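From first to last, the protein sequence lines are chains S and Z.
For the first sequence, this note's numbering begins at 1 and goes up steadily by one.
For the second sequence, this note's numbering begins at 1 and goes up steadily by one.
Errors might be hidden in some of the hints.
As the list claims (entries may be wrong) - Calculated lysine to aspartate or glutamate pairs in the EDC-like style (CA-CA distance at most 16 Å, straight line):
(1) Z/Lys37 / Z/Glu90
(2) Z/Lys120 / S/Glu5
(3) Z/Lys120 / S/Glu207
(4) Z/Lys37 / Z/Glu47
(5) S/Lys47 / S/Glu207
(6) S/Lys190 / S/Asp144
(7) Z/Lys125 / S/Glu5
(8) Z/Lys137 / Z/Glu47
(9) Z/Lys125 / S/Asp2
(10) Z/Lys96 / S/Glu98
Since the hints were made in silico from the structure, they are not lab data.
These numbers come from a predicted model, not from an experiment.
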Amino acid sequence: MDVYELVRGPFAWMALIIFVAGSLYRIISMLVTGKREPALYPSTSFKGAVRSILHGLIPFGSTYMRRQPLFTIVTIGFHLSVIILPLFLLAHIVLWYESWQILWWSLPDLVADFMAIWVILACIYFLGRRWVVPEVKTVTRPGDILLPAIILLTFLTGFLAYHQWGPYRPIMILHVVAGEILLIAIPFSKLGHMLFFMFSRAYMGAEFSKVLKAREW
Amino acid sequence: MRIKLSILTIIIGSVIVVAVGWQPSMAQEEVYILAHKDVFGSLRRPEVSFSHEDHTVSLENSGCGVCHHTRDDKTGQLVYSEGDESSCMECHGFQKEAGTPALREAFHGSCTNCHRNQIKSGNLKSGPTTCGGCHKKS
Numbered sequence: 001m002d003v004y005e006l007v008r009g010p011f012a013w014m015a016l017i018i019f020v021a022g023s024l025y026r027i028i029s030m031l032v033t034g035k036r037e038p039a040l041y042p043s044t045s046f047k048g049a050v051r052s053i054l055h056g057l058i059p060f061g062s063t064y065m066r067r068q069p070l071f072t073i074v075t076i077g078f079h080l081s082v083i084i085l086p087l088f089l090l091a092h093i094v095l096w097y098e099s100w101q102i103l104w105w106s107l108p109d110l111v112a113d114f115m116a117i118w119v120i121l122a123c124i125y126f127l128g129r130r131w132v133v134p135e136v137k138t139v140t141r142p143g144d145i146l147l148p149a150i151i152l153l154t155f156l157t158g159f160l161a162y163h164q165w166g167p168y169r170p171i172m173i174l175h176v177v178a179g180e181i182l183l184i185a186i187p188f189s190k191l192g193h194m195l196f197f198m199f200s201r202a203y204m205g206a207e208f209s210k211v212l213k214a215r216e217w
Numbered sequence: 001m002r003i004k005l006s007i008l009t010i011i012i013g014s015v016i017v018v019a020v021g022w023q024p025s026m027a028q029e030e031v032y033i034l035a036h037k038d039v040f041g042s043l044r045r046p047e048v049s050f051s052h053e054d055h056t057v058s059l060e061n062s063g064c065g066v067c068h069h070t071r072d073d074k075t076g077q078l079v080y081s082e083g084d085e086s087s088c089m090e091c092h093g094f095q096k097e098a099g100t101p102a103l104r105e106a107f108h109g110s111c112t113n114c115h116r117n118q119i120k121s122g123n124l125k126s127g128p129t130t131c132g133g134c135h136k137k138s
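Input sequences plus hints: build the corresponding full structure.
Listed below in structure tokens is the structure:
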């Protein structure tokens with residue numbers, strides 16, 4: 001079997017199915033097993049929930065972002081890039097068209113390059129921060145090193161493959177496999193904040209605003 | 001005698017010129033550089049060096065119609081018409097048009113899909129299926 005065809009065919013299907021099914025399972029099981037607090041005054045505030053989500057999404061919209069401006073700028077660029085880049089990269093769009101005949105617009109290659117470099121540098125920054133900043137270092141577990149490392153590998157190999165620097169085929173295969181590992185890891189690791197951040201923000205916002213009348217952002 | 005020879009030379013020469021001129025399908029390059037800047041504008045990937053010779057050899061049994069097709073006016077079907085072989089860009093343009101894929105998708109559909117199907121049917125020595133396999137940076 002051709003290794004590239006194996007990873008871009010059956011492996012990609014496997015990763016996609018595990019990602020979708022795993023995400024649905026995690027979200028549904030969270031909704032089903034979640035219990036309302038048996039309190040006298042249930043502390044739910046829809047307005048507080050929405051405000052918390054918005055303040056978490058808007059750049060510098062919360063005190064925890066304003067306190068660390070460099071980290072905020074790095075992380076905003078990182079998060080925008082890891083979502084936008086894979087979805088709107090020309091190479092990916094061409095592959096989706098070949099498989100499913102779906103087609104949408106692509107990012108200019110220069111912008112894609114810029115985003116890839118941002119992600120690579122951001123991962124190095126995140127890893128360094130886990131090493132250097134004491135309060136971050138104490139709460140660091142192996143997964144916190146491993147996940148940024150795999151993200152770094154995915155975007156670095158993608159960047160190298162586009163420029164055809166280094167041995168093209170092995171780099172391309174590594175790129176696809178690393179991306180598939182990330183996709184599978186989303187529902188089952190800390191990457192799950194992609195699925196859960198809305199719920200956790202909403203819960204906190206709702207709790208704090210109803211009874212305490214406090215802003216948790 | 002000299003005049004007769006000259007006339008004969010002119011006649012034979014004309015026959016050769018006309019004969020060659022009447023067989024446009026013979027005018028094949030061994031390698032075509034696919035870089036249709038007149039269609040694509042500036043290229044976003046390196047140009048593709050396509051060996052026509054390699055493909056005529058490997059597709060000897062399947063025939064030229066695997067790639068070369070024209071639309072039959074009556075039935076609307078894609079058919080192979082010997083002697084009418086033309087370049088993909090004669091029909092496929094930058095944008096997709098009713099029933100005719102865009103040039104980029106026509107190339108990828110013919111090249112990558114054929115290579116992939118070859119690999120699926122066990123021929124591991126088929127052509128490339130990765131982007132950089134065809135779009136090689138020089």
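Next item on the list: Sort out whether Z/Glu47 lies within 16 Å of Z/Lys137, counting only the CA atoms.
Entry: holds (8 Å)
Notebook entry, point to check: Is the Cα-Cα distance between S/Lys47 and S/Glu207 16 Å or less?
Noted result: holds (11 Å)
Checklist line | Distance restraint between S/Lys190 and S/Asp144, which requires alpha-carbon spacing of 16 Å or less | finding: Answer holds: S/Lys190 to S/Asp144 is near 8 Å, not above 16 Å.
Checklist line | Holds or violated: Z/Lys37 to Z/Glu47, with C-alpha atoms at most 16 Å apart | finding: holds (10 Å)
Check: Holds or violated: Z/Lys37 with Z/Glu90, Cα cutoff 16 Å?
Finding: Holds: Z/Lys37 and Z/Glu90 sit about 14 Å apart, inside 16 Å.
Next item on the list: Mind checking the alpha carbons of Z/Lys120 and S/Glu207 for me, to see if they're no more than 16 Å apart?
Entry: Given pair Z/Lys120, S/Glu207 is violated - Cα atoms ~56 Å apart, limit 16 Å.
Checklist line | Pairwise hint evaluation, S/Glu5 against Z/Lys120, where the allowed Cα distance is 16 Å at most | finding: holds (9 Å)
Notebook entry, point to check: Are Z/Lys125 and S/Asp2 close enough, with their CA atoms no more than 16 Å apart?
Noted result: Given that 16 Å is the threshold and the Cα spacing comes to 9 Å, the pair holds.
Margin query: Hinted pair, alpha-carbon criterion (16 Å max): Z/Lys96, S/Glu98. Please report holds or violated.
Written below: holds (14 Å)
Item checked: Restraint status (C-alpha distance of Z/Lys125 to S/Glu5 at most 16 Å) -> Answer holds: Z/Lys125 to S/Glu5 is near 13 Å, not above 16 Å.
Violated hints amount to a single one, hint 3; each of the other numbered hints is respected by the structure.
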